[in-house]
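Protein chains: 4
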Amino acid sequence: MIVVLRHGCAPSSVMQVTERLQELGYEVRPIIGVEKTVVAAVGGDEHRNVDIVEQFRSYQDVEDVILITRSYKYTALETHPERTKIDLGDGVVVGGREVVMMAGPCTVESEEQTFCTADVVARAGATVLRGGAFKPSTSPYSFQGLGVEGLRILRAAADQYGLKVVTEVMDPRKVEIVSEYADVLQVGTRNMQNYDLLKEVGLSRRAILLKRGMSAKYEELLLAAEYIATAGNERVMLCERGIRTFETYTRNTLDIGAVPVLKSLSHLPVVVDPSQGTGRRDLVEPLSLAAVAAGADALIIEVHPNPDQAIKDGPQSLTFDGFNQMVPRIARVADAVGRPMGTPAGT
Amino acid sequence: MIVVLRHGCAPSSVMQVTERLQELGYEVRPIIGVEKTVVAAVGGDEHRNVDIVEQFRSYQDVEDVILITRSYKYTALETHPERTKIDLGDGVVVGGREVVMMAGPCTVESEEQTFCTADVVARAGATVLRGGAFKPSTSPYSFQGLGVEGLRILRAAADQYGLKVVTEVMDPRKVEIVSEYADVLQVGTRNMQNYDLLKEVGLSRRAILLKRGMSAKYEELLLAAEYIATAGNERVMLCERGIRTFETYTRNTLDIGAVPVLKSLSHLPVVVDPSQGTGRRDLVEPLSLAAVAAGADALIIEVHPNPDQAIKDGPQSLTFDGFNQMVPRIARVADAVGRPMGTPAGT
Amino acid sequence: MIVVLRHGCAPSSVMQVTERLQELGYEVRPIIGVEKTVVAAVGGDEHRNVDIVEQFRSYQDVEDVILITRSYKYTALETHPERTKIDLGDGVVVGGREVVMMAGPCTVESEEQTFCTADVVARAGATVLRGGAFKPSTSPYSFQGLGVEGLRILRAAADQYGLKVVTEVMDPRKVEIVSEYADVLQVGTRNMQNYDLLKEVGLSRRAILLKRGMSAKYEELLLAAEYIATAGNERVMLCERGIRTFETYTRNTLDIGAVPVLKSLSHLPVVVDPSQGTGRRDLVEPLSLAAVAAGADALIIEVHPNPDQAIKDGPQSLTFDGFNQMVPRIARVADAVGRPMGTPAGT
Amino acid sequence: MIVVLRHGCAPSSVMQVTERLQELGYEVRPIIGVEKTVVAAVGGDEHRNVDIVEQFRSYQDVEDVILITRSYKYTALETHPERTKIDLGDGVVVGGREVVMMAGPCTVESEEQTFCTADVVARAGATVLRGGAFKPSTSPYSFQGLGVEGLRILRAAADQYGLKVVTEVMDPRKVEIVSEYADVLQVGTRNMQNYDLLKEVGLSRRAILLKRGMSAKYEELLLAAEYIATAGNERVMLCERGIRTFETYTRNTLDIGAVPVLKSLSHLPVVVDPSQGTGRRDLVEPLSLAAVAAGADALIIEVHPNPDQAIKDGPQSLTFDGFNQMVPRIARVADAVGRPMGTPAGT
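Protein chains in written order, with my numbering: chain U, 215 to 561; chain R, 215 to 561; chain S, 215 to 561; chain F, 215 to 561.
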């Protein structure tokens, strides 16, 4: 930690900072300059002292406090240099050499819609079925999902076609019921900092797909993962799904750079959602290719038998034909970067 | 609603859009131009058709869909032209002529800290005591609040000095217990789109202070309020607390323009939080003055007996002296815009 | 300057950094910790070493380089603690005790329009006439201004009613001609980092109104001012005119917090433009009041005799009635913060 | 164009809008609804009426004006469905089937540095040499470039190794001299809306590399290109180079989605700059791969013989080894998407 004191600060201010840092177990060096005085401290446990560290900002004559170590620990590559592979069973591993394809409808609408989608995506090469049973919607007048009935349909469709299930949980009171049906619990972008939910899924035995908040910095995403990890569940996948910027042509700006950045900071696998990330069907393919080229471990894609009758997110859902045409193109780019696509489910 | 079809669209596409709109009860006029074809529709109930409206974006040849009515209804000034006054009892009314001052520590740390702060802010003119018992923290290693013990202290201090209580609730399972102690339930910025929490506080009899999400548009804030209102609770205050921008000098960028905008769109009262909004003590006073000048109905300010020992948010907390000096300055600006400050509590 | 080296760095890396810093005249202290090694350096002239400092980021094992002194010097309050007052003659001083009102049409359209607007704003209390002769327009099909003829009209109208003139210059080749007609040269938001223009106006004898770039940080605005100052012209006013954020309801988000921040970092006067800053007439008054409450030294406001026939920016232009009603309200808030409005021109 | 009038508007307001639109040559349909009245108009020439269209926003009772045609014309794919190929001579074509590699130092520092870099990048497969002679720098204390001497070195090095030259021009007074040495004139991110510069390069015979402004929307970038095109020069390449967001870990957020979006809106070729776009050497390769996978026509990369002695941008410059290792990986991804890399220069 570096504490910067303002020009002309009182010697007592330097003393106060120095003594407090020593109490906290830091090795301390004050350096008194003409313009500024700097107190440099090493050796303390900054991620555990986060609140105390903040206090320095309030001290007399303190101008800035700069942390020089990571604020997260379990999720840091520095402290855990081996990459985490999340084994979902039956050979589906996220974070290994193969790129994993997760696909399915935005929302579970009916048995028929879900089963026929599961069939198509499984044949094309997906190994995980996505689909919403509890839906977060900006408007209260919007469809809120089929709930438990949706979970039942999703599980049945996945089992029929040899797929794993990922679905969102929004309410800490529902973690248990969703865990009965899903292999992967999704924490959505609006809930990335819903700490009671993070703690609750941290107690679950299911893998977690943690979506980046709409305006979350990389560090905040990693700290959200840290909440889950410190609660006891280290099987977390980080998911880039587009951030909010000034650009209005797309729903969000998909930050492909998040893939190499997160993989350089953390050992956790990184998933990319180009459907939510752009909100436009025509951008799903080019950004899927880009995500895989940049090193993504998995993609999660919205597919619907008839997008113009989809209850939600039709404009960004691929048709069956669109998905079938896209997958081999992704496979070619995956090969080019030495990351083959997983073998289609059931083969 | 306006549906724009692309250059050279098929007549069948126009027909499909037209018929679907008529089914939904709209009066429809297709206008076929050289460059674009436009189907204009009026008379339908757009806020209730939000999902169906979205489907049009997926139709063959549809380029854009433009909504022309508000997506929210209960919270709209258009449909409820009388301004909402939220009466907290004992003459404390948010949304009336008087500007209300809410103040107190970021976090309830102890009886002593809370009682002495309550005493000071009440004397200075505050009528509502703020303080965190359940704290949302970016890091899991950060203090998470005293919990129910914090609620108890807060209530006791408020009662002692004739103040009302506002405090945050983060977990839908805690709404009941927090409601026992608080007059106003705060929904924090990270939970603005935690829909299960919104629905739960919508069932409560307490007034709600709804903070704008860090990257929430005005419409999204109003739709979050609409969730609470449609669940049965129309006593909602909207709170501007700074948005996330590219600027890093301040923690957030306080959007003072939100005050007149929200008051032009909605009948709900508007509160401003310059402490969270800037993260810097020296900016609290100028931005409090600005907020009141722009028409804010209330301010919510962090005050601490000893900011450099505050567990949290010391850098943005005012000292007792700072608060005491600021209030009369705010009162002068409030007078200048015809909105006097409320009489100090207990006088 | 603080140089942070990564965990487990080679001793030679620490040596390389240390020696280079010593060559540059810094006093250096390396502190080798368990997790990180930090080299703290004080005493060098960082704002002049900006490029060399950057080089450290490329050194072997360097993780971060943190500057601890200001990157600007002439414009810093630290190095120039007396506030700059810009005297435009005839008692018009920007940065003194009085709040200065600048007003006029977005664009000079005709003699009649400009003269009648000048008459109205002068009577209401403005002392500076604004108006565009060279107009920056996002579209090439948009009106580009009357050019020199516009300058001539503006000067004549200002002289007739005892006003000073502020108008934009976009092209370094036009600085001379614009200086013949204007008292204040405006550098627009799109040109805040047009360095050849900054250098050219730095050679001029006219005062400069430097508008913040749409996505410029405070530090970048101050460095742009520094370009002008180092070229020889220290009579610079900083102007907040709204930044680009994710919110689309207003054209820009007016950052009222910029007023106290800039005044804490710099001795230069701060002007606020609520017309450009919001793009909406109904927000001009509340945000003018807010700007003055927060400490602005001047306002710059668009006024038009007939906004719905304005060539540009009608939606944000005040009518004469609107302006006449607003000024006394601003004067009341200005009084409340101890900053009276200037006496109307010609009285 | 759609004009939306507010609830309960006067019939005279509808009449006023209708008549004005008819005068402008639009076919008009007013539709009077219960909640809103909408006037839909087709057939007019919106991109030429941009100012007049704006006026409607000021009309009595008008709530919104929605444009439904493109605001740009020359640069629109709709009006020019054949993709533009920019032939720089000697087989170097940007916008054809092959991906073009542009590479070189951030800044021309010396003959030796430039020649050896040109040699290496040419052998590796680059066909265009980049390098700055006139440098835009945030700080006035930063190196401003070698100027004309830099241009001379750049041209000589390019000629020696069979490369084309791209370099930035910032000042309209310098367009002529830069054109003597360069094949492609770069307009930098800070000057994307420097309209006098755009008009000046529009008169040049050189191809233009137009960089997206730090906070420019796609439409604004295309309108900037439109300025150049309407001045007479249609040989414009659009360059994505990172946008400004809330994330601070990278210098900018590279918007890979810009590639497919711009190619769907315009016929102009799209170039990506991952060096400026991220500011971090370790991200250049993954984002180069992503850009090519997403359909970029060219890359522009910073390479330096010794990045830790680079005058500027060392942290984002590749070493010779780094560049040599990256190019074949890019070539593999380029092959996977059916866009081979150009043949190395001189072979």
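There's no promise every hint is true.
Copies of one chain are not kept apart here, so a pair can be met inside one copy or by any two copies together.
Each computed SDA-like pair below joins lysine to any residue, with the alpha-carbon atoms no more than 25 Å apart [claimed, not checked]:
{"no.": "1", "residue 1": "413", "residue 2": "389"}
{"no.": "2", "residue 1": "413", "residue 2": "552"}
{"no.": "3", "residue 1": "287", "residue 2": "238"}
{"no.": "4", "residue 1": "431", "residue 2": "297"}
{"no.": "5", "residue 1": "431", "residue 2": "356"}
{"no.": "6", "residue 1": "388", "residue 2": "225"}
{"no.": "7", "residue 1": "413", "residue 2": "546"}
{"no.": "8", "residue 1": "299", "residue 2": "223"}
{"no.": "9", "residue 1": "413", "residue 2": "361"}
{"no.": "10", "residue 1": "431", "residue 2": "216"}
{"no.": "11", "residue 1": "388", "residue 2": "462"}
{"no.": "12", "residue 1": "413", "residue 2": "350"}
{"no.": "13", "residue 1": "431", "residue 2": "227"}
{"no.": "14", "residue 1": "299", "residue 2": "413"}
{"no.": "15", "residue 1": "299", "residue 2": "279"}
{"no.": "16", "residue 1": "431", "residue 2": "281"}
{"no.": "17", "residue 1": "299", "residue 2": "445"}
{"no.": "18", "residue 1": "287", "residue 2": "519"}
{"no.": "19", "residue 1": "431", "residue 2": "463"}
{"no.": "20", "residue 1": "413", "residue 2": "554"}
{"no.": "21", "residue 1": "413", "residue 2": "520"}
{"no.": "22", "residue 1": "431", "residue 2": "277"}
{"no.": "23", "residue 1": "287", "residue 2": "246"}
{"no.": "24", "residue 1": "388", "residue 2": "418"}
{"no.": "25", "residue 1": "431", "residue 2": "268"}
{"no.": "26", "residue 1": "388", "residue 2": "522"}
{"no.": "27", "residue 1": "299", "residue 2": "534"}
{"no.": "28", "residue 1": "299", "residue 2": "552"}
The hints are simulated quantities; they were obtained by calculation from the structure and are not laboratory data.
It should be emphasised that the depicted structure is a prediction, and the values quoted were computed from it without experimental measurement.
25 Å Cα threshold - placement of residue 223 relative to residue 299: Close neither inside one copy (51 Å) nor across copies (28 Å); limit 25 Å.
Within, between, both or neither: how does the pair residue 413, residue 546 come out at a Cα-Cα threshold of 25 Å? Neither, since 39 Å and 43 Å both go past 25 Å.
Alpha-carbon proximity context of residue 413 and residue 361, limit 25 Å: This pair counts as both: shortest intra-copy Cα distance 22 Å, inter-copy 16 Å.
If the cut is 25 Å between Cα atoms, do residue 287 and residue 246 qualify within a copy, between copies, both or neither? between (33 Å within a copy, 21 Å between copies)
When no copy is named, should residue 388 and residue 462 be tagged within, between, both, or neither for a Cα gap of at most 25 Å? Neither, since 34 Å and 35 Å both go past 25 Å.
Checking an output row: residue 287 and residue 519, CA cutoff 25 Å. Within, between, both or neither? neither (43 Å within a copy, 33 Å between copies)
Alpha-carbon proximity between residue 388 and residue 225, which holds within one copy, between copies, both or neither at 25 Å: neither (56 Å within a copy, 48 Å between copies)
Intra- versus inter-subunit Cα pairing at 25 Å for residue 299 with residue 552: Intra 17 Å, inter 32 Å, cutoff 25 Å: intra-copy only.
Up to 25 Å CA-CA - residue 463 versus residue 431, copy category: both (22 Å within a copy, 8 Å between copies)
Should residue 431 paired with residue 297 be assigned to within, between, both, or neither, using CA atoms and 25 Å as the limit? Classified as within: same-chain Cα gap 22 Å, cross-chain 37 Å, threshold 25 Å.
For residue 431 and residue 356, with the copy left unspecified, which applies at a CA distance of at most 25 Å: within, between, both, or neither? Between copies only: 18 Å across, 29 Å inside.
If the cut is 25 Å between Cα atoms, do residue 431 and residue 216 qualify within a copy, between copies, both or neither? The answer is both: 22 Å in one copy and 23 Å across copies each meet 25 Å.
Violated hints, in rising order: 2, 6, 7, 8, 11, 13, 15, 18, 20, 21, 26, 27; the structure is consistent with all others.
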